[in-house]
Every structure is written in structure tokens, then in C-alpha cells.
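For reference, the chains in residue letters:
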Amino acid sequence: MSDILERVKKIVVEHLDVDADKVTEEASFTDDLGADSLDNVELVMAFEEEFDIEIPDDAAEHIQTVGAAVKFISEKQG
Amino acid sequence: MFDLTGKKALVTGATGGLGGEIAKALHAQGAHVALSGTREEKLQALADELGERAVIAPCNLSDSASVDALPGLASEKLGGLDILVSNAGVTRDQLLMRMKDEDWETVIKVNLEAHYRLCKAAMRGMMKARWGRIIGITSIVGVTGNPGQTNYAASKAGMIGFSKALAQEVASRGVTVNCVAPGFIASPMTDELNDAQRGAILAKIPAGDLGTGGDIASAVVYLASKEAGYVTGQTLHVNGGMAMI
Numbered sequence: 001m002s003d004i005l006e007r008v009k010k011i012v013v014e015h016l017d018v019d020a021d022k023v024t025e026e027a028s029f030t031d032d033l034g035a036d037s038l039d040n041v042e043l044v045m046a047f048e049e050e051f052d053i054e055i056p057d058d059a060a061e062h063i064q065t066v067g068a069a070v071k072f073i074s075e076k077q078g
Numbered sequence: 001m002f003d004l005t006g007k008k009a010l011v012t013g014a015t016g017g018l019g020g021e022i023a024k025a026l027h028a029q030g031a032h033v034a035l036s037g038t039r040e041e042k043l044q045a046l047a048d049e050l051g052e053r054a055v056i057a058p059c060n061l062s063d064s065a066s067v068d069a070l071p072g073l074a075s076e077k078l079g080g081l082d083i084l085v086s087n088a089g090v091t092r093d094q095l096l097m098r099m100k101d102e103d104w105e106t107v108i109k110v111n112l113e114a115h116y117r118l119c120k121a122a123m124r125g126m127m128k129a130r131w132g133r134i135i136g137i138t139s140i141v142g143v144t145g146n147p148g149q150t151n152y153a154a155s156k157a158g159m160i161g162f163s164k165a166l167a168q169e170v171a172s173r174g175v176t177v178n179c180v181a182p183g184f185i186a187s188p189m190t191d192e193l194n195d196a197q198r199g200a201i202l203a204k205i206p207a208g209d210l211g212t213g214g215d216i217a218s219a220v221v222y223l224a225s226k227e228a229g230y231v232t233g234q235t236l237h238v239n240g241g242m243a244m245i
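As they're listed, the protein sequences go chains X and L.
If you're matching positions, the first sequence starts at 1 in my numbering and goes up one per residue.
If you're matching positions, the second sequence starts at 1 in my numbering and goes up one per residue.
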């Protein structure tokens, strides 16, 4: 879990060009980290690539925070 | 100006006169080109003529799965994909009253749906690279209409609307999406016109002559260049003044 969190954080920091300490589990990509709709799509694609999983569109809609992303990926990886 | 050294370009319909000219022009500016079309031998002949920096990527644009895979194939062969030129197109002319569903479906599938599929598959790499050029070859007919071409006009107008929407989606990522709209271009088909038919067409063209494949290819080179980076969602009409839109 903590490994996934670190990898998710790294992607978010690189992609959105934000400070690492702002990327908490509660942080919302859109409201707190300044992501636009295209950033959200790109983040989902980056997660898919990093973790070698498929994130369907309806699931992607609910991944709005760093914690939600980590939770989804953890469950997916079982 | 308009240097494309190192850029990787995919051109569909490269066995056609226009597609061949576009591929040659991009290649002449230094781009690596992947030539796509259905006739493999003809593609290979063009690749041989171009020499280095040219590969072939055969594809049947009416087969959705092949179309989805084409940008990946081109990217694999070229080592990336920066420029997509959707040039392939078909006509199935017929007055609406006589048009078969099949004529409608084929034209929409090859001219419009294939462009959607190619863009979708090419976009990820371009977004990551923060640089990309998408150029759809539409037609004057997509803006002015033409009797006997409801299917073709719809497909070409569709491409223009599609490009405007996509251009807004990806502009912030350095990817531009534009169209080039040829008017009457000299081709084996126009060579067969008789003097009266030819005269009737030329009377509508202020420039007094048909366009050439080179005229279209030059417009594509411009839109593909880094100099055109601030131009997006546009349709560049190349028609000798036949329609000023």
C-alpha cells in the first residue's frame, strides 16, 4: 500500500508539477492540485501504464483524490 | 523555415496522387515518413523512391481494428509519431434519392470514422511529448456542398467539426489539429474531362487553373511545421479562389 502511494505521488508530482508535500492522500486532483479535465485523463493513463492495469471510464470518474487512486489500484492489484 | 528534420509522420492514402505528393513534401523537409494505403506494392515503390527515412504501413481503412492499430504500427517502425496526415478518402457519388445505405456507410467509415480512430490512437504519444500535428485532408465540398455527394460532403464537413472540437481539447498540450481543404486538383480523373467540362470548371476558378498535388502538400508542410504552432482548429482552403470562406 505504501509503495503504491509513493508511486502514485511521484506520478502526480511529475505530471502536475506540484510540491510533493501538497500531494497528501486527501488532496483532490482538481480542487487542491490544479488539474484540469485533460490532466485527469492523463493521470489515469499514467496510472494504467505504471501499474499495468485497466481503469474503466466509470471508475476513473470516481478517482478524484490521491487516496482514491491508491485505493482503486490496491484493490485492482489484489 | 518549415524544417521537419527528425519528425515522424504517418500519411494515409499514400498510394494516391495527393497522398504521394504529401509524403514526398514532408520527406523533403527532413521528416521520417510511414506510408499507409491498401496496395502494398505501390507503397513499397514509393518508399524505395524516397529512400532513407521511409517505411510502409499497409492498412485497410474500412477495417476498424487495423485502423486502431495503424498509429502504433507506424510509431513502432519510425520510433515515434509526431505528425498524422489523414489523407485517404473514397467517393461513392449518387443523388440522395438513389443512394444506397452501403454508399453512405462506406464513405463515412473511411473518410470520417477512420480519422477519429487514427487521432485517438495517435493522441497519447503526442500528449506525452507535448508536441503533435494532426492534419485532416477535407474538401471544399465539405463547406460548399455538391450535388451527388451528400455522403462525401457530410464526411468532409464532419472532419472539420471534429477537428475544431479536438483542437480545443488538446491545444494546451502543444498538439494542433487542422484541416486542408483542396478545391479542384489535377488528377487522372480531371485529365479525362473533355474541353467543355474542363472549361466549365475553370470558369469558376479565379486563378484560372486546376490546383496541383504540390499546392496541397505545401499547405500540409506548413501546418506540420513548428512555425504553425499557434494555428489550430483551422481549415486552410487551397482552391485558387474558387470559394473564399
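Some hints here could point you the wrong way.
[Claimed, not checked] In the EDC-like style, the derived pairs of lysine to aspartate or glutamate whose C-alpha atoms are separated by at most 20 Å in a straight line are:
| # | chain 1 | residue 1 | chain 2 | residue 2 |
| --- | --- | --- | --- | --- |
| 1 | L | K77 | L | E40 |
| 2 | L | K120 | X | D57 |
| 3 | L | K24 | L | D215 |
| 4 | L | K120 | X | E49 |
| 5 | L | K128 | X | D31 |
[What the hints assert, rightly or not] Some residues of chain L that are not near chain X, with every Cβ distance over 12 Å (derived):
| # | residue |
| --- | --- |
| 6 | A65 |
| 7 | L96 |
| 8 | Y116 |
| 9 | W131 |
| 10 | G145 |
| 11 | E169 |
| 12 | A171 |
| 13 | R173 |
| 14 | P188 |
No wet-lab data here; the hints were simulated from the structure.
None of these values were measured; they are calculated from a predicted model.
Positions of the beta carbon are idealized from the N, C-alpha and C atoms, including for glycine.
Review point. Hints broken by the structure, by number, lowest first?
Key: Those not satisfied are hints 5, 11, 12, 13.
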